[in-house]
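Chains as they are written, first to last, in the numbering used here: chain A, 24 to 133; chain B, -8 to 883.
Think of the hints as simulated: they come from the structure by calculation, not from any bench. Keep in mind that this is a model prediction, so the values were computed, not measured. There's no promise every hint is true.
[Said to hold, decoys possible] Heads up, simulated BS3-like pairs for lysine-lysine below, C-alpha to C-alpha not over 27 Å straight-line:
id, chain 1, residue 1, chain 2, residue 2
1, B, K241, B, K671
2, A, K86, B, K(-3)
3, B, K32, A, K96
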Amino acid sequence: MPKNESLQGALDLLVLKILAKRGPLHGYGITIQIEQISEEVLRVEEGSLYPAMHRMEEAGWIKAEWVSTEGSKRRARYYEITKEGRKRLEAEELRWNAVTGAVSRVLLLA
Amino acid sequence: MSTIGKLKNIFRPVALDADIDEELAYHLEQRTAGLIAAGVKPEDAARRARIQFGNPLVVRETSHHTRVIAWLEDLWRSLNYGFRLLRKSPGFSLTAIVSLGLAIGACTAAFSLLNAVVFRTLPVAHPERLFFATYPSQGPEATQEADSFSYPLYRQLKAATAREADILLSGYAGERGVQWGSDAESATGQYVSGDAFRVLGVGSALGRVFSPADDEKPGENSVALLSYSYWEGRFGKDPKILGRTFRYQKNSFQVIGVVEKGFNGVEPGNMVDYWMPATMYTPAEAITNPGWNWFRILGRVKQGVTLDQARQRMQPVFSDFMKRRVLQFSAAVPKSVVESLLKSKLTLQPGATGRSGLRRGSQTALWVLAGIVGLVLLIACANVANLLLARGAARSRELALRVAIGAGRRRLVEQVLVEGILLTVGAAMVGLLFALWAGPSIMNMMGTSREQIRLDLSLGLPGCGFLVALCALATLFFGLAPALSAARTSPGEVLHSTDGGRMTRRLQSRVLVGAQVLICTVVLFAACLFLRTFERLMNTNLGFRPENVMIAEIRSDPAPKELAATIALWSQLRDRAAAIPGVESASLSSWALMQGNGWINMIRLPGRAVEGTEVKFLAVSPGFFHTMGMRLVSGRDVTWQDGLPKPHTAAVVDEAFAHHYFPGQSALGRRFEVEEGKDKYASVTILGVVANGMYRDIRDGMSPTVFVPIDEGAEWSLELRTRAGFDGVIPALRREVSRVHPSLKITDVYSQAEIVNGRLVRERTLAILSTFFAGAALLLAAVGLYGVLSYSVVQRTREIGIRLALGSSRANIIRLVVGEMLLVTSLGLTAGLAFGYGLSRYVSSLLYEVKPGDTVSLLAPALGLLLFALVAALAPAWRAARVQPMIALRCE
C-alpha cells in the first residue's frame, strides 16, 4: 500500500482535526465530513481509513465506543479524540503548516 | 487500545474479526443509503458503495494485525494446533509424557538427594571460610581420614589460633531420646561449644543462642536450644517454649532459645533437633580425658588468613599433644600405630557444605543412581524423537503442501518445537509429582527403621532451576531432529516423489534406536552388577541364624554393686524369659551381633610372639550360641559360674581365633593373656570353640573373636529365639522383666533380621532402584525398536510388494525385517558392553565379591536385550510377511 502511506500523514491530521472540532463520529461520518468540508476535493480512500483509525486507536490518540443507532439494526462505532490525540494534532498541524507554507513560498518565489 | 487489550484480542480472534466486519458493514450500509438519497438507483447503489470501498477482506486483515500482538497470536495458534495434534493421538502423547515425565522426575529426585547430601552450602555466614580439621588415622585395613578430636585438644587449638581463626566444637549428631514431662520420645541431639552459634553466624528465632558463658563450668549449664523445624513440628511454634525443660539422661535442660529457620546442624543427613553445651557431656570424663575423641573441630579463618596459615599455627599444638598422648599408650599398641600418630599431619578441609558420614557412605551410590536415571532419560528422549520423526514423515505431504501454499518454514519449525514443548510441559508436571514422591521414598529406603536419614529435600530454587534446565535440554534433544527435518521440507521433492528424504529419515531413526540399545545395555549391565552384589551379600554365610530372633535391650538402674548379685539378677531374667510361651531359648550379650558396636582388646600368648594382637570381644551368657544358632565345634559353652569371682578368666573362642593362634592343634584348655590396663594382663583359659560368625559387618569377614562370660555391666541385650513371631512375646516379656526386679527397664526392642538387613541397606537400595530403572530402560528400548520397525515396514510396503511379486518368499521378507533389527541391536549391544565395561571400574567400591568385568553381568543384558528385540520385531515381521503384492502396488 505505498500510495496510502504517502498520504497517511495527511489522513491522520484530517481525522484528528475533524474529531477535535465536531465531537464523536463514526467512520462513515468522518468520510462524509472530509468530503463536504473540502467540497468534494478530497476523497478519502475508504479502504485505508479503517486500518488508519485502528492504528491511531492503538496509539491512544483516539478511542472508540459502540453505540446503537436509531433507524438501523446495526451498532455504529463512534470515535472520540483523546488528550494525547489533541497534543498530536497540535504538533501535526504545526508541521503541516510549516511544510505547506514552505511549499507556497517556493512556488511564489522560484 | 492497551497491550492488555491486544493480549485479549489474541484469545478472541473470531470476535475481533466480527467487530471489524460489523464496523465496515455499517459503513457500506450508510454509503449505500447516501447514494440512494443522491439519486442512484437502489440496485446500483450497493455495488458502487462496494467498489468505492475496495476489498473489505484486506481491510479486515490489516486492522486485525494492528489490534493484536502478531507474534504472540502466531504462537497461540501453534499452541492450539499442537494441542489438537496431541489430542488426536492420545496413545502417543500419553506414552511420551509419562515416559519422559518419569525419567525427568527420577533425575530431579536424584538431584534433590545429591543437593541435600553433597552440594548444598550450609546456611551460615561466610561458608567459604569454614573448615573442618582432619588427620590420617591407622584403620584396621587402610589409613582413613579421621575427624574426631578430644575436648582438651580443642581448648589448646583454640587458644593457639585465636588470631588466625575462630574455632568451635561440635559433637556428632545422634539419636538422643528426650523426655518432655512424662513423654519419652526420640530426637536428634548434639553437643556444641558455647561460641558455636556466634562463630557460625547463626542467630535465634526466639530467645537467644548459646554464649561462651553457657559452656564454662562442666555439668552446670543445663540449657538447650531447639531447632526451628523441631519447634515447629513438635510444639507448633509455641512461644511459651522458652523456659520449659526436658530430661536427657540424668540432666534436666531448660530451653533458652530457638535457632534461626533453616539451620539444622553441620551434618547433612542428620537434622539436629536440639543442642546442648559441650561441657554437659555425660559422662563428664568425655571433656577431661584427652583420649576420648568425641568431637569434630571446625572453624572459620579470619578475613585475609589462608587455610594453610591457620594450619601451620595448629600443627605444632597437635604434634605436642600427640607426643604426650602416646606416652599414655600401653606397650601392646603396635609401633607402627604410634609412629603414624606422631607423624600425622593436621589437615583443614573446606567446610562450606558441612561434613557428613552419609555423604562419605552414599555419595558414590547417589552419583551412580543419578547416572542411571540420566541414561534412562536419554532413552526416553530418543524414543520421543523417533516417534516425532515417524509422525513428521507421515505428515511430510501435509507440511509440503503448507509450504507450497505459502506457510513460512519458520512457522513449520515453530510448530514442531511447540509440539515438543507441550509434551515437555506435560512431562514436567508428571515429573514434579514423581520427584516429590520419589525423593523422600529413596531417602527412606537408604535409612532403616533404626537409623533414619533426615534430609531437607525441598526442591527450592536450585531444584526448580534444575527441572527447568533439564526440560529445556530434553526438548532440544528430542525436538531438534524432527524440527530440522521439518525445516528441510521441500514441496517439490515430497509432492512429486514418494521417496524424497526417506533414506536420511530411516538412517536417523536407526541411529537413534542403536543409541537406545547402547544406553540400555549400560544400564542393564550396571543393574546386573548391583543385583549380583546384593545376592552375594544376602547369601553370605553369617554363621548364625537371624530369623525369629528378637532382641530387647534392658538396663538395670540402679545396678547391683556386687558381681555375684549382678549375675544372679541377669540369670534370673534369662531363665524367666526362656520360660515365656513361644520362646525356644534366651540369652544375654553386651550387644546384638552386627548391631554396630565393637569391643577390641589386645592379647598376647605367654612365651610366644604372634602377629595381629587386636581381637574382638563379646560378653555373653550361657545359651548365647544355642539361641543364635552358632555351632559349638568342641569343648563347652560358658556357664554363669565361669564369670566368678573374676569375669574375664575363661572364654569360648571362634574357629578363626583357634586357627590363627593355635594352628594345627586343639585350642581347648589353652591360655592366652588379655590386656586389662596399661601393661597389666589377665590370663584366660579356652573352654570351647564355636564356628565363625559375623561380628559387626559382612564386609569385615570372619576375624578372631573371644566370647567371655558376662560381667558387672548394667545394660544387656536379651536375645529370644521364638517359635513363630514376636507378637505375644513382647507383652509377656514386659511383665516378666518388671516381675524380676523393678529396677529393670526395657529401652528398645527390635529383631535380629532388622539389624542384618540394615547392614545391606545401601546395596539393597542400589539393587532395587537399578533393577527398576533397567526394566524401564528395557521397556522403552523395546517400544522404540518396535516403533521404528513397524514404521519402516509401512514405508517399505511397496518395496516388499515388488519383492514378493518378483518371487521373493515370505521367509525372505521376515529375514529382511528381523535382519534390520538384528543389525541395529547387535551394533548397539556391542558398543554398550564396551562402554559399560569401561565405566564399571568407577563403581567397584560399591561391589562385593563381583568383579567389574563379571561374565554373568555381561551376558545377561545381551541375552535379555536380544530377547526383547526379537519380541519387538515379531509383529512388524508378521505384518511384512502378510503384505499382498497386488494391494501394495496398487495403493500408490
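Checklist entry - Would the pair K86/A and K(-3)/B pass a check requiring their Cα atoms to be no farther apart than 27 Å? => result Answer holds: K86/A to K(-3)/B is near 14 Å, not above 27 Å.
Checklist entry - Is K241/B close enough to K671/B, meaning Cα to Cα at most 27 Å? => result With Cα atoms ~33 Å apart, K241/B and K671/B exceed 27 Å; violated.
Checklist entry - Is K32/B close enough to K96/A, meaning Cα to Cα at most 27 Å? => result holds (23 Å)
Hint 1 from the earlier list is the only one contradicted by this structure; the remaining hints agree with it.
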